[in-house]
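Colleague: What follows is each chain in one-letter form.
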Amino acid sequence: MSAPPAPGASRRWSLVVLGVLAGATVLFASASDLPEHLGYLVAALGLGASVALRADAPRTSAAGAVVPILAALTVIAATAPSSAGTDLFGGVAAIALLAWLAEDRRRAPGGLVRAAPSLLVVFVALGIAWTSALFLPTGSARIGFGAALLVLVTILVAYLLGRTDLIDAEPPATA
Amino acid sequence: MSAGDPPGSSLRWTPLSYVLLGSAVLLLLVGVTLRAAAPIFVALPLFVAPIAAALSGPRRALPAQLVWEARGAESEVTIRGIVRGDAVSDLTDVELTFSRPPDLTEAAPPSVERGRGAVGFVLHWRAPYPTIAVAEPPEIVWRDPVGLVERSVKGRGVPLPIERFPPELLRLGAARLDRVLALPGETRSRRVGSAGEFYGIREASPTDPPRRINWRATARRGRLLVNEFELDRTGDVLLLLDVRSTRLGRGTDEILLGAARAAAIGIAAAFAREKARVGYASFGEFVDPVPLASGRGHRLRVQEAIRATRCSSVAGPSERCAATLPRFFPPGVTTILISSLTGDASADLVVYLRRRGYPTVVLSPSPAPLLVGDRPLAAADERLAQRLERLVRRQHLARVWVHAPVVDWEDFWSLGGFVRLMREPGRRRSV
Chain A
11 MSAPPAPGAS
21 RRWSLVVLGV
31 LAGATVLFAS
41 ASDLPEHLGY
51 LVAALGLGAS
61 VALRADAPRT
71 SAAGAVVPIL
81 AALTVIAATA
91 PSSAGTDLFG
101 GVAAIALLAW
111 LAEDRRRAPG
121 GLVRAAPSLL
131 VVFVALGIAW
141 TSALFLPTGS
151 ARIGFGAALL
161 VLVTILVAYL
171 LGRTDLIDAE
181 PPATA
Chain B
2 MSAGDPPGSS
12 LRWTPLSYVL
22 LGSAVLLLLV
32 GVTLRAAAPI
42 FVALPLFVAP
52 IAAALSGPRR
62 ALPAQLVWEA
72 RGAESEVTIR
82 GIVRGDAVSD
92 LTDVELTFSR
102 PPDLTEAAPP
112 SVERGRGAVG
122 FVLHWRAPYP
132 TIAVAEPPEI
142 VWRDPVGLVE
152 RSVKGRGVPL
162 PIERFPPELL
172 RLGAARLDRV
182 LALPGETRSR
192 RVGSAGEFYG
202 IREASPTDPP
212 RRINWRATAR
222 RGRLLVNEFE
232 LDRTGDVLLL
242 LDVRSTRLGR
252 GTDEILLGAA
262 RAAAIGIAAA
272 FAREKARVGY
282 ASFGEFVDPV
292 PLASGRGHRL
302 RVQEAIRATR
312 CSSVAGPSER
322 CAATLPRFFP
332 PGVTTILISS
342 LTGDASADLV
352 VYLRRRGYPT
362 VVLSPSPAPL
372 LVGDRPLAAA
382 DERLAQRLER
392 LVRRQHLARV
402 WVHAPVVDWE
412 DFWSLGGFVR
422 LMREPGRRRS
432 V
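Top to bottom, those sequences are chains A and B.
Last residue of the first sequence: 185 (the numbering used here), numbering continuous.
Last residue of the second sequence: 432 (the numbering used here), numbering continuous.
It should be emphasised that the hints constitute simulated quantities derived from the structure, not laboratory data.
All C-beta atoms in this analysis are idealised placements derived from N, C-alpha and C, irrespective of residue type, glycine included.
Heads up, some of the hints might be wrong.
[As the list claims (entries may be wrong)] Estimated spans, in silico, between C-beta atoms of each pair:
hint: 1; chain 1: B; residue 1: Glu305; chain 2: A; residue 2: Val161; range: 58 to 64 Å
hint: 2; chain 1: A; residue 1: Leu166; chain 2: B; residue 2: Gly298; range: 34 to 40 Å
hint: 3; chain 1: B; residue 1: Ser100; chain 2: A; residue 2: Leu25; range: 31 to 37 Å
hint: 4; chain 1: B; residue 1: Arg81; chain 2: A; residue 2: Pro45; range: 56 to 62 Å
hint: 5; chain 1: B; residue 1: Arg101; chain 2: A; residue 2: Gly58; range: 57 to 63 Å
hint: 6; chain 1: A; residue 1: Pro45; chain 2: B; residue 2: Glu137; range: 19 to 25 Å
hint: 7; chain 1: A; residue 1: Gly74; chain 2: B; residue 2: Arg400; range: 35 to 41 Å
hint: 8; chain 1: B; residue 1: Ala386; chain 2: A; residue 2: Gly74; range: 43 to 49 Å
hint: 9; chain 1: B; residue 1: Val373; chain 2: A; residue 2: Val77; range: 42 to 48 Å
hint: 10; chain 1: A; residue 1: Val77; chain 2: B; residue 2: Arg36; range: 23 to 29 Å
The shape of chain B in the complex, shown without the other chains (with noise of 0.2 Å):
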């Protein structure tokens, strides 16, 4: 390896190149062996072959640059990207090879277009369910036409973030939410809208209500113009993810988290953007905190607590977490948890945060849609056992929905009935 290459560019030599050395090794045996010369005529290029493609090929790791990102909408994962080399280096023989996230699935094999100087790849995978998978970048490694030396290329471009979860979560960050600093400060948000200090006129479009039309502008110029409104700085809002594991198993309890990451995601980043404070803390054994705060750096912050979250496998009680909320965030935040209400370790949790002063919306990813089709069952019978599953889910929810709304997220590719319940603060009840 040459001093400026990187660790684990020198050149190896490929399984195919040991299984020809080593027959040739077995043909010399058999020709010393035998007193015949055939065999160590054929051994002869066996031999010879490796040491020559190692001799032809690049004597230093290849420079290339990644190129890469991720496009679609909803469950369509497209990721294009292209890797370059320097002007004098051919990519012909550059091969790649991906790692497919987990939560992702293949929906048609990668295309990969050659050339001289670069290599483009369009790879089509797939997210039964929103997700905050991180796609690693392809191997990339140059190999000899014939397959028998390999030699990784430098520079392997940067991890890919896929983030995949329901568009309605967009338009979250207009919701009116509660604070809990006696001097929020000046920080105002960026958003112009119907209620807040005066920000100017415009005219008014069909859409426009009719209390916002400002008279005396619209009398002085002859035309219908509007007021507009510089929003205020929206509250605090505290994300509360349930880990715990459940009686689903952990198969299913990973999925559901899966989703739940990409929603929390999804929420953090709309209320971010309006300069809400934002906390985040995960329950499993423990609480795992990431007080409030708002700003870009904050946002980062908690979008890898989101990110590193797992599921636990040693569920702690429900008072513990309530006992423990306190002492990273003040009562009275407006608390989302988003907790597949399983059981009724985790309906207590809602309970003792209401007792603490926490008002609470709850999101519930609904593990319904994951069992269709996993249970031996006829269609008829298989109806029957959904529409059962489906009156105890609403049961449960129903009591649960006593101490807060409960959002039973069921489709996981919308989340409006969420957005709508978020918007309307007469529908979300204090406590």
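Here chain A stands alone, though its shape is the one from the complex (with noise of 0.2 Å):
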């Protein structure tokens, strides 16, 4: 077994993860309609709900601490206006969650570095949403070539829910 990572280092890495969570969700926060204080206000009580239900509770509840910001990201996301730069803000903001949710502090050291290719999928599906909605004229058009690629990708989801098998792979034949 090696050594695990000095607990120092894995400190380190998740105050840096909770700081770019806090960072997308503010400037997500703050380029919505909500009044500017108000957006900064559910911002801060989402994040610090979630990380304060995080820290208390046990691990099984986990599901529950996540709650609180994704209400706020709801919310905040709910009153953005449609431009790029908000349309990228939010889909940050909820990468930016997916790797806090890595960094626990509960399990093994560097969740965040183990967590980096399934992240990157993710991220790349924004990006190409990203850039293929710049080039898509504005307006009610974008909204629904969006829409009907989530819905797609929800009736994906769904077929895989109930058919897990599909991923198992199956073991090499023996002689």
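Dock chain to chain to rebuild the complex, using the hints, since each chain is given by itself in its own frame.
Modeller: Next comes the structure, spelled out in structure tokens:
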């Protein structure tokens, strides 16, 4: 067994990821149509509640800790105007949330590094969607395009939820 | 799930995954309803992340092997274990969920050390009372770093028996027991001692009594030599557990029965090591017997029966037990009755056993230590209550002592008095 990484390094990475999440959420809130202080308040409340819940909650209820920040992002997103910058901030905030989930101090240190391949896939998907949206005419068309894509993904996810065996690999045939 | 994988090892979505997907659906609806793009862009990573996590993890159940052992003495239970994978598996994201037997408490949080190919763990538990708990293997699950998908690991390991009983019982095997067979056979004990068939001569030690010195051999060699003897096979013993519920309540009865079972396991093992024939019976509503026999297989059978013994909610009459026992155990067999002796029914059982010809020794786990602090009393009143309780119990045990010797087992981690009693046949009284 290799020696576990120093707790200080793990703690530092947690703080960095939390800082990125806080920054992205605050930027997203500042771009929304909410009154200035209210936007920051919603972001701070959501983030603070999630951090507090995650620090105290047992591992089994970790899913509950993410609800406040998701609620805050939903409120901010619902009031955000449609622009390339706002869309990017929203997407980055969601990816920062996933990165924050990967840096769990109760699990093996270095979760962010190990989660990098799957986060990269998410980042690429967001990048493709965002650049595609840039070339679409403004207004309802891009929303319809994005929504259609997401509906397809939803159907795919719903299908995979019931058919996890499709992801499993068959064992190699033996002689 | 692949063909060779065990059931339950297919990929599972965690609750976090469902929360993210539910939020994503909500954001999508908000985006479409309000005709806003920002919610859709927030929803996109939440939709894609679970699928990406599922595809980036292992595509089959990881093979792993659990090796673990329990150590410690008396109340201390330290379990060390390691989960090893194969050469290519990465176990860094493997999570272990431990289930602690109800008899044990947690002394310190578990420490887990992770590596790429193995996960080591140390559990610090405590057994407040003697116990024969069985620790189920931990649930070993691979979970992606974000915590969105999980999959059970192949190969869980075997349950770990944890036996904690007073260490004095290890010396109990030297107690001489009566035989109830006319022809006990030629099976000899592996013990070498001070009586029996001549075995050999050895150098004398300062603790050897003078009567064991072989004076002729000493004169020939010019130094003190003593005789050694191969002990005869010891006799037969019946362990009888009174598992009827008492007025103490279910919780206290369970704790006392736990200690009684641990003592029974220790006593049975001590006598079985000496090739004594050991029988076991529990009495709740009816008698549940394991007849007298010896050998390794029988030892396991007795252990299994003791482990399976539970408190009986229906209490059978004491006479029924005494009347049933002769069908399985010949009268005259040394009987160790383990009973809390709470109430007259237990005391009656001793009387009936004596009448049926069973020389009985009673080991009585005392409920007194369990009742300390249970009452809402001031310190002085509590001390007085304990003193009164002790007096009442002593009086009750004295009534039983008329029929059979009784050992009041108050300090659960010591059975020195019981072992001394058993090793002195004169004090045990015969029928």
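Colleague: Determine for every hint whether it applies to the structure shown.
Modeller: Hint check:
no. : hint                               : result
1   : B/Glu305 with A/Val161: 58 to 64 Å : holds, 59 Å
2   : A/Leu166 with B/Gly298: 34 to 40 Å : violated, 58 Å
3   : B/Ser100 with A/Leu25: 31 to 37 Å  : holds, 34 Å
4   : B/Arg81 with A/Pro45: 56 to 62 Å   : holds, 59 Å
5   : B/Arg101 with A/Gly58: 57 to 63 Å  : violated, 34 Å
6   : A/Pro45 with B/Glu137: 19 to 25 Å  : violated, 56 Å
7   : A/Gly74 with B/Arg400: 35 to 41 Å  : violated, 59 Å
8   : B/Ala386 with A/Gly74: 43 to 49 Å  : holds, 46 Å
9   : B/Val373 with A/Val77: 42 to 48 Å  : holds, 45 Å
10  : A/Val77 with B/Arg36: 23 to 29 Å   : holds, 26 Å
Of the numbered hints listed earlier, those contradicted by the structure are 2, 5, 6 and 7.
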